[in-house]
Structure formats: C-alpha cells, structure tokens
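J.: For reference, the chains in residue letters:
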Amino acid sequence: MIRAAAGLGILMALAATPALCAAPSQMLTVQSSVATRCKMLPPQVTGAGTNFTSAGAGGRLDLTNFVNSSDKTQAVNAQLEFSIVCTGAHSLTVGTQSGGLNDQTAGTPGSGFVTHADYGLSASWDNTTKSLTTNGTAASVDLSQTGPASGNLVIDLNLAAGIGPLQAGDYTDAIIVQLNTAQ
Amino acid sequence: MRLTRTALLAAVALLAAPLAFAQVPQKATITATGSAAQICTLGAPQVNVGAATNVQSVSGSTVMLSDLADDNSFSTKATDFTATFAAMCNFNHKLTVSSDYNGLWLVGGIGTHPGFADAVPYQATFSWGGQNGSLTATAASESEVDSPIDVNQPAAGNIVIHFEVDQGATNGGNGVPLVAGTYQDILFVTLGAQ
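So the sequences go chain by chain: A and B. Numbered according to the numbering used here, the first sequence spans residues 1 to 183. Numbered according to the numbering used here, the second sequence spans residues 1 to 194.
I should point out that these hints are in silico values taken from the structure, not numbers from a laboratory. Cβ atoms here follow ideal geometry from the backbone N, Cα and C, with glycine treated the same way. Watch out, some of these pointers could steer you wrong.
[Claimed, not checked] No farther apart than 25 Å at their CA atoms in a straight line, the calculated lysine to any residue pairs in the SDA-like style are these:
(1) B:K94 x A:T29
(2) B:K94 x A:K130
(3) A:K130 x A:Q44
(4) B:K94 x A:K39
(5) A:K39 x B:D67
[Unchecked claim] One-sided and incomplete, this derived list gives chain A residues near chain B with beta-carbon spacing under 8 Å:
(6) S25
(7) V34
(8) A35
(9) R37
(10) P148
[What the hints assert, rightly or not] Output of the computed footprint for chain B on chain A, the stretches with three or more beta carbons under 8 Å from beta carbons of chain B:
(11) 26 to 32
(12) 47 to 56
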C-alpha cells in the first residue's frame with residue numbers, strides 16, 4: 001500500500017509492513033543402484049578315505065579306499081564346503097553329471113560284476129537342505145534363494161559299503177555346483 | 001521457494017504555499033525513501049561429474065552414483081562429489097543442511113540379513129558466508145538429521161557442499177557386503193532467519 005500526500009509543512013513517512021524472511025530450500029537426491037553379486041571360493045574337503053586336489057574353482061576328489069578286498073565298495077563320507085556370498089537373489093544348483101560313479105573304461109560288464117555305483121548327495125545352503133540318490137542319470141538339487149545369503153554350501157557325499165563286485169576300471173562322476181545371480 | 005519483495009517509494013513535497021507576494025528564492029524538498037525486505041535466494045544444485053568419484057550422472061537435482069558396491073569386497077566404494085548452489089541472503093541468516101534418512105538407505109528394505117549391510121554413512125561438509133559446517137549421516141537409524149550454521153552477515157556467492165563416502169563404510173561394520181538394490185538419501189539445503 002502506498003500513500004502519498006503533499007502539503008506545506010507536512011511530512012508523511014511511508015512504510016510497508018516488513019516482509020517475512022523468505023526461506024528458500026533446494027533438494028539434492030543422491031541415489032545408487034547396487035547390483036547383485038555372487039562369489040564362491042574353492043571347496044574345503046574332509047572325509048576319511050579321500051584325497052582332494054584343488055583345481056580352479058573345483059578339483060578332484062579321489063576315493064583312496066574305493067573297494068575292499070572283496071572288490072566291493074567301502075563306505076565313504078566326504079564333505080565339501082564352498083564359501084559363498086550373494087548380495088541378492090541367486091540361483092544355486094548341485095548336481096551329478098553321470099548319476100553315479102561309472103566305470104569310464106569298461107564296456108559291457110562281465111557276468112557277476114557291476115560298472116556303476118550309486119551314492120547319496122545332500123546339499124545345505126542358507127538353512128535349506130536337499131538330497132538325492134543317484135540312479136544312473138543326471139540329476140540336481142535346487143537351492144536358489146530370493147534374497148542375499150552368505151556362508152558355506154555344504155555337500156555331503158555318502159557311498160554305501162557293499163556295492164559290487166566292481167569290474168576293474170576308473171570310476172568317476174562329476175558333481176557340478178552352479179551359482180548365478182538371479183535373472 | 002517463495003520470494004517476497006516489497007519496495008516503497010515515498011515522496012514528500014514541501015511546497016511553499018502560494019502567497020500573494022511570493023518571496024524568492026523558493027525552496028522545494030523531495031525526499032525519496034525505500035525499504036529492502038529481508039530476502040534469500042537459492043539456486044538449483046550444480047555438480048561437476050568430471051571432478052567427482054564414482055558418480056555416474058546428474059539429472060536435475062538427482063545425483064546418480066555409479067554402483068556403490070565394489071566388485072571384489074561387495075562393500076562400499078569410496079565416493080565423493082561437490083555440489084554448489086548459487087545463493088544470496090541480505091541479512092544475518094541461517095543455513096541448514098539436512099539429511100532425510102541419515103544415510104544412503106536401501107529403498108524398500110528386505111528385512112534383516114546377518115552378514116550384510118543395508119545403509120551407507122557419509123559426511124557432507126559445507127561452506128557459506130565465511131562459515132563452515134558439516135553433517136554426519138551415521139546410518140545408525142533411518143531418521144532426519146539437521147546441521148544448521150548461523151551466518152552473522154549478509155552473504156552472496158556459492159554454497160559449496162562436499163559429499164563423501166568412505167570406502168567400506170556400512171551400517172553393518174567396515175567392509176560388510178551391501179545388499180543389492182537401490183540406495184537413496186535426500187539432502188535439503190535451506191536458507192532462512194536465525
């Protein structure tokens with residue numbers, strides 16, 4: 001409001017109500033997107049009658065007392081522990097490639113002999129345990145998780161005693177551990 | 001932001017009344033007066049991405065950091081940038097820098113996961129009008145934190161805020177892996193009366 005006046009000998013001072021202090025504000029948003037990451041260390045292996053040789057992310061597990069003097073399997077319990085960290089949802093499977101220990105060199109087994117030995121596999125991860133028993137075909141257990149997890153994936157291999165007699169040869173299977181960030 | 005500007009102009013004239021027999025010389029005085037209101041202005045943030053560490057882009061008032069986690073440790077990467085705000089206050093005033101969440105927090109938290117962290121602490125040091133201040137976002141709890149400084153003089157120029165995250169800093173301890181997801185905090189810069 002402005003007022004004006006004029007007159008001889010009259011001075012009118014004009015003033016407005018003082019403005020309230022403005023309080024300007026600015027916002028600054030700081031944001032980051034953190035991707036899911038997973039890592040897995042080579043396994044630590046324990047078990048009587050076994051010998052483990054590390055190679056890359058995996059290795060070779062030798063069953064040093066595979067058969068007894070009667071040419072039948074001896075009981076073996078081996079434990080493989082993989083240290084794993086995943087910061088988000090991830091897929092994790094543990095499987096057998098051949099579905100048991102197969103003689104890689106033999107042809108048709110001789111009468112009264114076998115060329116295949118099944119075993120049990122149990123895998124535990126993030127409070128979940130799943131098991132399978134080999135039956136000659138590839139199989140796997142799924143331990144995928146929808147959130148982050150860290151700790152040890154523990155795989156128990158159990159070969160029962162008394163399978164056989166086994167035809168002479170090299171018996172092998174591949175145990176495949178696959179870890180990926182979830183898509 | 002609201003700005004109020006008021007200006008006054010007063011004009012007063014002392015006029016010699018007409019006299020039947022005017023004397024010379026006559027005298028006329030005009031006084032002009034004005035009142036400057038207390039105002040502050042504050043511009044939008046400016047960030048030089050090229051001089052920053054671990055900053056991907058800036059869009060408007062959003063600073064998008066690159067992935068906050070390190071590929072090897074899965075924990076926090078060292079990060080820093082400087083933001084400037086053109087500002088002016090024509091009276092003794094207060095600058096307040098605030099954090100909405102007291103750290104960079106995982107948006108839409110997914111519960112407790114032992115061995116992982118879901119927030120990242122940081123420091124924001126700032127200077128304005130010859131004064132320095134700092135805001136420490138500890139990431140100890142998800143709550144607002146304010147850091148005011150009084151500036152006992154008018155000031156004009158740039159408010160400069162340096163934002164810094166230490167390598168490995170998390171709310172779960174140093175070097176703890178960060179849960180995957182989007183992390184965010186909102187800083188507010190406010191000028192006003194003391």
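J.: Against each hint, give a clear statement of whether it holds in the structure.
T.: Consistency of the hints with the structure:
For the given pair, K94 (chain B) sits about 22 Å from T29 (chain A) by alpha-carbon distance, which is consistent with the 25 Å threshold. With a CA separation close to 62 Å, the supplied pair K94 (chain B) and K130 (chain A) exceeds the 25 Å bound. The suggested pairing of K130 (chain A) with Q44 (chain A) holds, with an alpha-carbon distance near 20 Å, which does not exceed 25 Å. Simply put, K94 (chain B) and K39 (chain A) have alpha-carbon atoms about 49 Å apart, too far for the 25 Å limit, and the pair is violated.
Note on K39 (chain A) and D67 (chain B): the hinted pairing holds, with a Cα-Cα distance of about 17 Å set against a maximum of 25 Å. Satisfaction of the interface hint for S25 (chain A) is found here, the shortest Cβ-Cβ separation to chain B being roughly 4 Å, below the 8 Å cut-off. At a threshold of 8 Å, the smallest CB-CB gap from V34 (chain A) to chain B is about 5 Å, leaving the interface hint in force. Using the Cβ-Cβ criterion of 8 Å, the hint placing A35 (chain A) at the interface with chain B is satisfied: the shortest such distance is roughly 6 Å.
The interface hint given for R37 (chain A) is met, as the beta carbon of that residue sits about 5 Å from the closest beta carbon of chain B, less than 8 Å. Using the Cβ-Cβ criterion of 8 Å, the hint placing P148 (chain A) at the interface with chain B is satisfied: the shortest such distance is roughly 5 Å. Using a Cβ-Cβ cut-off of 8 Å, 7 residues of the region 26 to 32 of chain A lie near chain B, which meets the minimum of three, so the contact claim holds. Proximity of the region 47 to 56 of chain A to chain B, defined as three or more residues with a beta carbon under 8 Å from a beta carbon of that chain, is not established by the 0 residues found.
Hints 2, 4, 12, counting from the list given before, are not met by this structure.
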